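Just need the whole structure built from these sequences, with the hints factored in.
Spelled out, the chains give:
Number of protein chains: 2
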Amino acid sequence: MSLDPLVFCRELALEPPSPSDKTADADRLREALEKMGLPGVDIPVDIMKRLPGELRRNNFTLEAVIGRKRFPHLSACQKGTGGDDAEGLGNSGLTVLDIGKRNIFGLAVDVGSTNIECSLIDLETGEKVAAAGAENPQAKFGVDVLTRAQLSMMGKYDDLHLALLEGLNGLIRKVCDSHGKPVDEIFAFTIAGNTIMSHFAMGLDVTNIPMTPYVPAVNGPVFCGAAEIGLSGNRNALVYVFPNSGSYVGGDIISGILYSGLHREEEPALFIDVGTNVEITLGCRDWLMTGAGAAGPALEGGVAAIGKKAEKGTVSRVRIDRLSKKMDMKVISDIEPEGICGSGMIDLISELFSANIIDQRGRLVDSAEGVTEKEGSRVFMLYKSGTRELYLTEAEIQNFLLSKAAMFSFLYVFVKSVGLTFSDIHKVCIAGALGCGIDLESAINIGMLPDMPRDRFVPLGNSSLRGAEMVLRDRKLLCEVNEIAARITYREMNEDGELMNVLQGAMFLPHTEPGILKGGA
Amino acid sequence: MSLDPLVFCRELALEPPSPSDKTADADRLREALEKMGLPGVDIPVDIMKRLPGELRRNNFTLEAVIGRKRFPHLSACQKGTGGDDAEGLGNSGLTVLDIGKRNIFGLAVDVGSTNIECSLIDLETGEKVAAAGAENPQAKFGVDVLTRAQLSMMGKYDDLHLALLEGLNGLIRKVCDSHGKPVDEIFAFTIAGNTIMSHFAMGLDVTNIPMTPYVPAVNGPVFCGAAEIGLSGNRNALVYVFPNSGSYVGGDIISGILYSGLHREEEPALFIDVGTNVEITLGCRDWLMTGAGAAGPALEGGVAAIGKKAEKGTVSRVRIDRLSKKMDMKVISDIEPEGICGSGMIDLISELFSANIIDQRGRLVDSAEGVTEKEGSRVFMLYKSGTRELYLTEAEIQNFLLSKAAMFSFLYVFVKSVGLTFSDIHKVCIAGALGCGIDLESAINIGMLPDMPRDRFVPLGNSSLRGAEMVLRDRKLLCEVNEIAARITYREMNEDGELMNVLQGAMFLPHTEPGILKGGA
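Going down the list, the sequences are from chains R and H.
Read in order, the letters of the first sequence correspond to residues 42 to 562 in my numbering.
Read in order, the letters of the second sequence correspond to residues 42 to 562 in my numbering.
Just so you know, these hints were derived from the structure itself, not from any lab.
Do not take every clue at face value.
All copies of an identical chain are treated as equivalent in the list; a pair is satisfied when it fits inside any one copy or across any two copies.
As the list claims (entries may be wrong) - Derived lysine-lysine pairs resembling DSS-like cross-links, with alpha carbons at most 27 Å apart:
1. Lys76 / Lys110
2. Lys90 / Lys197
3. Lys90 / Lys110
4. Lys181 / Lys90
5. Lys110 / Lys517
6. Lys197 / Lys63
7. Lys63 / Lys142
8. Lys367 / Lys415
9. Lys371 / Lys353
10. Lys350 / Lys371
11. Lys142 / Lys90
12. Lys468 / Lys110
13. Lys371 / Lys468
14. Lys457 / Lys353
15. Lys468 / Lys181
Just so it is clear, the structure is predicted and the values come from calculations on it, not from any experiment.
The structure is reproduced here in structure tokens:
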């Protein structure tokens with residue numbers, strides 16, 4: 042693991058002043074840093090205030106926490122000077138953030154529409170020492186980000202912004218408490234989120250993002266002070282917000298691509314971020330193309346009445362014996378089941394289909410095991426004990442099939458639109474957890490993912506958070522991030538005629554044209 | 042007058058976004074600035090917050106206030122890149138400070154131990170639009186800066202710092218009110234003061250300055266935000282604090298030298314700042330040497346009971362007819378005289394000497410016009426009417442002679458120490474007002490200034506403030522200031538044996554060895 046973090050610490054032993062060397066304290070520190078290969082480091086006034094006392098208390102030895110306040114512009118990256126200490130621009134904007142003995146931590150943050158997650162990284166070892174997650178408090182205003190942008194236009198911006206900020210600061214306290222560390226030991230933040238969430242996190246105007254011609258306030262990247270945007274941390278902590286590549290391709294995707302390595306592949310590969318929206322990036326080291334489409338919240342288990350996120354009491358896996366039709370469920374924490382998450386739902390539909398409990402159209406088969414009636418409609422009873430009943434209606438199954446169909450169709454048409462078929466794709470990175478991680482066989486069995494050699498699939502988990510962790514640990518990646526953002530082209534898919542055709546067939550299990558699952562037509 | 046101010050305004054007409062150009066607002070602004078020859082300008086988050094609304098209200102035209110947040114390091118100056126927009130480093134640290142239609146003003150500040158003075162400069166025209174002054178509120182803690190540094194060591198630092206800050210902010214309000222301008226139209230400050238006053242102005246530790254080896258917290262220069270040091274102004278206003286050249290040579294001297302042009306002279310010249318301390322810089326474009334010595338407050342009119350600063354009712358000029366011994370006084374505002382200022386005192390002593398009312402030793406001549414007795418001692422009655430009596434005692438005259446002697450001796454020994462005589466000095470710049478401006482003939486007549494051709498003397502007034510105004514108007518001078526600071530050497534004079542010898546003779550009027558006044562021995 043390469044460790045060249047955004048914020049680092051230097052131990053300095055300065056020559057004490059003497060009658061023949063009356064160099065002032067701050068100038069003395071600056072000269073010592075220059076001798077270490079760090080010329081032109083800024084020393085803010087609040088550090089100068091503490092410097093004389095700190096130096097004399099410790100006999101002119103000092104630990105200095107140093108960070109980068111300005112970002113390498115793309116042009117600097119292209120010249121190869123942005124990440125290199127030895128060259129002029131590489132140190133432009135280095136600043137002393139603190140002095141004295143400190144632990145230095147960085148916090149990588151994924152600001153998702155539904156959940157916010159973070160990892161606390163020890164920047165001296167590169168180790169992840171703690172992690173935490175929470176619901177995005179904005180969710181109570183509206184599940185999807187466009188609703189939130191619309192609410193902002195109607196005067197609700199401050200409420201939404203404050204809710205997110207409080208959520209983030211709560212999460213920061215939580216992750217620090219969990220590791221017994223004071224919040225002011227966080228000196229750097231890396232933040233990845235979709236375009237609207239990144240804007241909310243910085244307190245930027247979102248109202249023009251959902252309106253033609255869909256122009257964000259900034260595509261970035263943005264470097265700023267944590268204090269400037271209201272985040273808890275060291276008073277001089279720095280924040281890096283991943284760049285967006287326009288309104289549609291957010292920093293979360295760019296961070297995810299960084300983690301996936303898609304931009305370095307020699308052969309075409311896919312990066313799929315599965316969620317309420319499905320975001321797909323196809324490409325390799327020569328080109329990157331992103332498209333996005335709505336798949337519907339059904340994939341996340343969010344539509345069925347028994348849908349639930351992955352937590353205590355959630356069904357995460359389902360198996361049904363083909364012969365005995367006996368059902369076996371994995372429940373988180375092994376307690377009585379209370380609901381089912383996205384990945385559990387994929388399993389459930391796949392198993393119901395394989396056990397002939399639902400047909401190719403997703404209709405429940407009369408008198409099949411577990412099929413019963415509730416309020417005049419057929420339902421599948423997943424669990425029943427005492428007064429507790431967990432069941433799935435036919436309408437909910439249809440909803441799910443629509444989502445899986447949307448996802449597959451989108452994937453198929455997208456790959457085809459650049460003249461490729463699934464067989465040309467040598468790697469499929471799947472980001473987004475969908476609860477507890479997709480079971481590949483189930484997903485392929487229902488025709489949600491293409492039927493490709495299994496070893497080409499790589500599950501990534503929360504790749505947006507992983508990419509944010511990477512940049513905390515290695516500032517040289519800032520240039521790589523800029524390059525990814527600059528190379529991505531966005532492909533508008535919403536009005537594609539073929540999409541609707543493929544979608545019709547994909548509503549079936551696994552598809553009306555099985556060949557299509559391998560990339561044929 | 043060259044106008045290339047620290048903060049400037051640019052009018053921009055941006056191409057509005059369209060379906061074929063979805064560049065984000067901040068990136069669009071950055072690109073437009075780059076096209077104007079201003080690449081890499083930072084846009085802080087608080088500006089990004091207002092940018093989308095501002096652009097759309099004004100059909101994508103914008104006025105941007107831009108300033109320099111980082112200073113050119115000396116090395117950049119030496120390479121000639123520090124002041125040049127066309128070269129890389131020249132724009133390093135440029136930042137958008139505000140957007141929208143604004144007037145932009147800069148405030149030059151001279152933070153003197155006794156008085157603080159400022160000039161409000163319109164940065165779009167370079168014009169000085171208002172000026173104001175006030176007593177330094179720290180004076181009530183102690184007249185001289187060393188006392189204040191000692192009080193700081195005894196726990197009084199915060200009181201002293203706060204007093205100065207309130208004084209400065211009061212002055213800022215006053216000068217803005219006088220011109221009917223809101224304080225938030227000030228976008229740049231240049232601050233010149235001696236080393237201790239500069240430190241107080243920034244809130245920096247002063248306790249090591251008066252203790253061996255006399256090390257300041259910073260020699261600077263310092264660039265920071267006005268908000269960082271508590272100054273009123275625009276929330277993003279920038280502050281430039283002149284560098285010191287060690288504990289003894291403050292930013293006020295360096296600023297004064299900049300204004301005097303001493304550092305560009307081809308032949309040796311003198312820059313004298315007359316006050317409680319006399320600070321002398323001798324040199325030319327090849328070398329600069331500074332020394333300082335205590336002259337005593339008598340020169341400022343501060344010791345005699347009738348001493349008074351230049352204000353309503355102060356005697357500023359005195360003439361005594363050689364024959365009739367009739368006295369003629371100029372009184373500020375032509376009212377009844379209430380006291381006499383420093384320059385009036387120089388006149389008075391000179392005239393008393395020329396009219397034989399005091400002898401060569403400064404003793405009052407018995408029965409001379411105006412000489413009378415008060416409480417058993419001889420005094421000179423300057424003014425008497427009703428109950429008001431303004432008189433000078435012999436002890437006060439002695440005190441004054443000691444000060445003028447100290448000043449002359451110091452000047453003489455300093456010039457001699459580098460192997461020069463007064464006749465080698467082709468220009469003598471005199472800074473510091475001493476009330477209403479020194480009358481050259483009087484000062485030479487009493488032997489306070491050397492007897493040189495009169496056209497070599499150049500009165501400068503408050504040169505520290507003038508130098509601060511220059512930098513506000515022309516940022517290219519930042520490099521020149523760095524060069525002055527780097528070139529000055531300090532010459533310790535306090536223990537010079539010859540000084541005491543010359544001082545003995547200089548106590549007489551004009552001197553026991555008249556030849557010495559022209560530089561001989």
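Comparing the hints with the structure gives:
1. Lys76 / Lys110: both (21 Å within a copy, 24 Å between copies)
2. Lys90 / Lys197: Between copies, since 16 Å is at most 27 Å while 41 Å is not.
3. Lys90 / Lys110: both (20 Å within a copy, 19 Å between copies)
4. Lys181 / Lys90: Close across copies (24 Å), not inside one copy (45 Å); limit 27 Å.
5. Lys110 / Lys517: Close inside one copy (15 Å) and across copies (25 Å); limit 27 Å.
6. Lys197 / Lys63: Cα proximity of Lys197 and Lys63: across copies only (26 Å, versus 58 Å in one copy).
7. Lys63 / Lys142: within (26 Å within a copy, 47 Å between copies)
8. Lys367 / Lys415: within (21 Å within a copy, 123 Å between copies)
9. Lys371 / Lys353: within (11 Å within a copy, 94 Å between copies)
10. Lys350 / Lys371: within (14 Å within a copy, 91 Å between copies)
11. Lys142 / Lys90: Within one copy, since 17 Å is at most 27 Å while 36 Å is not.
12. Lys468 / Lys110: neither (37 Å within a copy, 47 Å between copies)
13. Lys371 / Lys468: Answer is neither; intra-copy 29 Å and inter-copy 95 Å both fail.
14. Lys457 / Lys353: Close neither inside one copy (41 Å) nor across copies (90 Å); limit 27 Å.
15. Lys468 / Lys181: For Lys468 and Lys181, neither the intra-copy (37 Å) nor the inter-copy (77 Å) Cα distance is at most 27 Å.
Hint compliance for this structure: hints 12, 13, 14 and 15 are broken, all remaining hints hold.
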